[in-house]
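> Taking the hints into account, I'd like the entire structure generated from these sequences.
Protein sequence lines correspond, in order, to chains A and B.
Each residue of the first sequence is one higher than the one before, counting from 1 in our numbering.
Each residue of the second sequence is one higher than the one before, counting from 1 in our numbering.
Calculated from the structure, these hints are not laboratory results.
You may find that some hints are simply not true.
No distinction is drawn between identical chains; accordingly, a pair holds when it is met within one copy or between any pair of copies.
Once the Cα atoms are required to be at most 27 Å apart in a straight line, the calculated DSSO-like pairs of lysine-lysine come out as [as the list claims (entries may be wrong)]:
1) K169 - K28
2) K19 - K169
3) K36 - K56
There are 2 protein chains.
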Amino acid sequence: MAQTAEDTRFATQRDRLLKAAARCFNEKGYSGTSLKDVANHLGLTDAAIYYYVRNKEQLVYQCYLRAAELGREALDRALADGTTGFEQAYLYIRYHVEIMASVRGPVAIMSEIPSLQPEHRNEVLAISRRHSRDFEAILSRGIDDGSIAPCDVRMTGNAIMGAINWIPKWFHGDADMAEQISRGFPDILTRGLRPVPQPLGPDHS
Amino acid sequence: MAQTAEDTRFATQRDRLLKAAARCFNEKGYSGTSLKDVANHLGLTDAAIYYYVRNKEQLVYQCYLRAAELGREALDRALADGTTGFEQAYLYIRYHVEIMASVRGPVAIMSEIPSLQPEHRNEVLAISRRHSRDFEAILSRGIDDGSIAPCDVRMTGNAIMGAINWIPKWFHGDADMAEQISRGFPDILTRGLRPVPQPLGPDHS
DNA sequence: CATAAATTTTAATCCTGATTAAAATAATGC
DNA sequence: GCATTATTTTAATCAGGATTAAAATTTATG
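Quick look at the structure:
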């Protein structure tokens, strides 16, 4: 109970901190960003950061947890909202892209994993792997239910995730552009999944 | 003339150096890798590196130039070998993936751009942009000649390049696996480009 | 072999940036 | 307004890592 109270009390600043850190890490990489960099974004001094986190590593770590949380949410929503495997894959991509392209989204520094200390790294890797497997499961389901063409789910999953994870590298636009991307991207990444030579005519499913 | 002689004389060690540096940068990022790291891979001392390059920044810079060179080659080969836009896109992806997945390939640290000093950064960005545009041109050509379905070439290009550029993040396997990827990936990334309901079967061109 | 050039190492230097402790300031409950 | 807690700053420490200069070693070449 004190937990919740504390969390809400910290929430705003800590949130800003994580978001600022995430942006910096995305732009300059872990070792490339100094705590002073991050602090400047908040109008603070580097030392102030230590009030919120134990050290720099905790900063990325927390970013990852936050990102994982959002990724998980996207996945769950997709599973809930879609019926066929294809739909679920589509929705997952859409939700995920929305997060990645969103200017206010917290993070997507799926690089930087080597910067984590062993325990955290393993944890994050585990989460990430589970996440990948879940997505691959969606693909498999789609293959089974006929909504997705047979393919190497592992490799296909990597391709799609790569395209998504790369977004922050080239997208620095505004909300409008983000909107555009989250509408266009899922179609692009998904068009190749369709079960092949389907006559275009009336689709009796 | 002395130029050529010198180049060949330096070639081997310098090559090893760049390759080692590239691998490190890929794994740990620019600021994350120390010159000692790189030197260790060569059985050298950190100071020895300065015999080959002026400073650390030159190291990434050279890696980029090398990568750009290879990318350009892939593009040129694809343009030469393919006839339709689709074929050219397919081949480009294939050649590029081969480079990325190749254990001996020098590099793909398309991240790390912020680490470059302004002039070099602009140069590399210019090259990169030109490269993107060339690839998009291939897509456009494919749309024109009917071998590729109409699409937002900019966004599609980004998606494909992202998937490719992300490869080093998840692939750490051996040559066999690399072979497998460079065979499988182009199909995956390319399937979505086909002008709609096209039988997939053996492509008799 | 002897000399010059090429290559690498040793041993500083020097700076950046993380981290810490103590002090200062702001906010809050009473 | 006072005491306590939350938040931030100042100032200092400290280590790692880039860079350099000089020395040592290896290699080529006459």
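> All hints are to be evaluated individually against the structure, with a verdict given for each.
Hint check:
Within a single copy, K169 and K28 get their C-alpha atoms as close as 11 Å, and across copies as close as 17 Å, so both meet the 27 Å cut-off. Taking the shortest alpha-carbon separations for K19 and K169, both the intra-copy value of 17 Å and the inter-copy value of 23 Å come in at or below 27 Å. Taking the closest pair of Cα atoms, K36 and K56 come within 27 Å of each other both inside a single copy (11 Å) and across two copies (23 Å).
Hint compliance for this structure: every hint is met.
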